[in-house]
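Model the placement of chains B, C and D on the given structure of chain A, informed by the hints.
Residue numbers (the numbering used here), protein chains in the order written: chain A, 1 to 109; chain B, 1 to 109; chain C, 1 to 109; chain D, 1 to 109.
No wet-lab data here; the hints were simulated from the structure. These figures come from a predicted structure and were not determined experimentally.
The list treats identical chains as interchangeable, and a pair is accepted whether it falls inside one copy or across any two copies.
Below, in silico cross-link-like pairs of lysine to aspartate or glutamate (EDC-like), each with a Cα-Cα straight-line distance of 20 Å or less:
no. : residue 1 : residue 2
1   : Lys25     : Asp54
2   : Lys25     : Asp49
3   : Lys25     : Glu48
4   : Lys25     : Glu75
Okay, here's what each chain looks like letter by letter:
There are 4 protein chains.
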Amino acid sequence: MTTGDPTIGDPTTGPGQGYWYAEDKQALLGRLRRIEGQVRGVHRMVAEDTYCIDVLTQISAATRALQAVALGLLEGHLAHCVVDAAQDGGDPSAKVREASDAIARLVRS
Amino acid sequence: MTTGDPTIGDPTTGPGQGYWYAEDKQALLGRLRRIEGQVRGVHRMVAEDTYCIDVLTQISAATRALQAVALGLLEGHLAHCVVDAAQDGGDPSAKVREASDAIARLVRS
Amino acid sequence: MTTGDPTIGDPTTGPGQGYWYAEDKQALLGRLRRIEGQVRGVHRMVAEDTYCIDVLTQISAATRALQAVALGLLEGHLAHCVVDAAQDGGDPSAKVREASDAIARLVRS
Amino acid sequence: MTTGDPTIGDPTTGPGQGYWYAEDKQALLGRLRRIEGQVRGVHRMVAEDTYCIDVLTQISAATRALQAVALGLLEGHLAHCVVDAAQDGGDPSAKVREASDAIARLVRS
Numbered sequence: 001m002t003t004g005d006p007t008i009g010d011p012t013t014g015p016g017q018g019y020w021y022a023e024d025k026q027a028l029l030g031r032l033r034r035i036e037g038q039v040r041g042v043h044r045m046v047a048e049d050t051y052c053i054d055v056l057t058q059i060s061a062a063t064r065a066l067q068a069v070a071l072g073l074l075e076g077h078l079a080h081c082v083v084d085a086a087q088d089g090g091d092p093s094a095k096v097r098e099a100s101d102a103i104a105r106l107v108r109s
Numbered sequence: 001m002t003t004g005d006p007t008i009g010d011p012t013t014g015p016g017q018g019y020w021y022a023e024d025k026q027a028l029l030g031r032l033r034r035i036e037g038q039v040r041g042v043h044r045m046v047a048e049d050t051y052c053i054d055v056l057t058q059i060s061a062a063t064r065a066l067q068a069v070a071l072g073l074l075e076g077h078l079a080h081c082v083v084d085a086a087q088d089g090g091d092p093s094a095k096v097r098e099a100s101d102a103i104a105r106l107v108r109s
Numbered sequence: 001m002t003t004g005d006p007t008i009g010d011p012t013t014g015p016g017q018g019y020w021y022a023e024d025k026q027a028l029l030g031r032l033r034r035i036e037g038q039v040r041g042v043h044r045m046v047a048e049d050t051y052c053i054d055v056l057t058q059i060s061a062a063t064r065a066l067q068a069v070a071l072g073l074l075e076g077h078l079a080h081c082v083v084d085a086a087q088d089g090g091d092p093s094a095k096v097r098e099a100s101d102a103i104a105r106l107v108r109s
Numbered sequence: 001m002t003t004g005d006p007t008i009g010d011p012t013t014g015p016g017q018g019y020w021y022a023e024d025k026q027a028l029l030g031r032l033r034r035i036e037g038q039v040r041g042v043h044r045m046v047a048e049d050t051y052c053i054d055v056l057t058q059i060s061a062a063t064r065a066l067q068a069v070a071l072g073l074l075e076g077h078l079a080h081c082v083v084d085a086a087q088d089g090g091d092p093s094a095k096v097r098e099a100s101d102a103i104a105r106l107v108r109s
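Chain A on its own, in the form it takes in the complex (with noise of 0.2 Å):
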């Protein structure tokens, strides 16, 4: 992954219209952006020497602010794909399992 690219994270450049997430695409992209934010805020907070657990508190905000986005991915997952699957009449357990695998992986992280 490199991030040298300056068209990066132009919301504009992605196709954007044909999937699940186009309505929330710009609320989304922007909670990522202060996420971000706040992962540079850690780093300058370090590098500025800031007591630690001040530095921790900031972590335990990031961290949380990740986890809420998944929380709404997840939820969107479940709303569209699962739901799509079952409902085009073929088999959702394809879908079901990538849900629950990615639960899984959220829980643990």
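Showing chains B, C and D alone in chain A's frame:
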């Protein structure tokens, strides 16, 4: 993973000598820079309409990396702040309470 | 919740046929019985003044075991309750929301 | 919540005087007894085919209660074992490492 700009948040400008994590500071700053890149990568994945399960995998990786940094900071806090307070002949209970509160926030985040 | 009842936990008295976890019910009940034993073991360790780090190890094991049960129940909920609601031609959104709330509680617990 | 049998795992038989949690021991044992009852309650809910979301809510409550006990034990470990090791003029690093490992297991469980 490179961030393309080595001058952002220049870690060499902090006082850096007086605090316990001075010895590990460059490694710690490098880890935080990589996590910042991970979050930026998540942002890009959403911008490009990446399948949500893959986005969740990246979020879990970033969350785990943040927690690993937090665990390292906590160990440093115990080894330096708590132990120093105890060895100074003072009352280390305030440091213990701070550490405990930080652990609780971390476990619950 | 009272537990003085001698019939407690008798898996043969439940209706057991109508609910999705009927098929896995004996295995699930066995896992919960073992977790109950783990918690009882933690109690005994404290009663016997076992070194606190060893008690913590046992508590972590019991916590992980409870989370594994929860993950199994969640997967069942998705595979049965959410998918059934979607396939019945009704609106599965209430089931999706319930599942999402349960996932959030689990991630934050 | 009552367990109906005060003699199970009789907490009065431990030595109970020598270890740091002696002072809080009865409260700690009471909390563990209640958690054991919560797990038994989860078992009964499954035996009676309770709706899985309600079972999950109880599992989350038991998990949180276990984590609260663990956090209390950790704080005691820091306040007693780590601080005592530091004040004894010895090397507290083994105690710090044990505590850090226990915190890591707890955060990841």
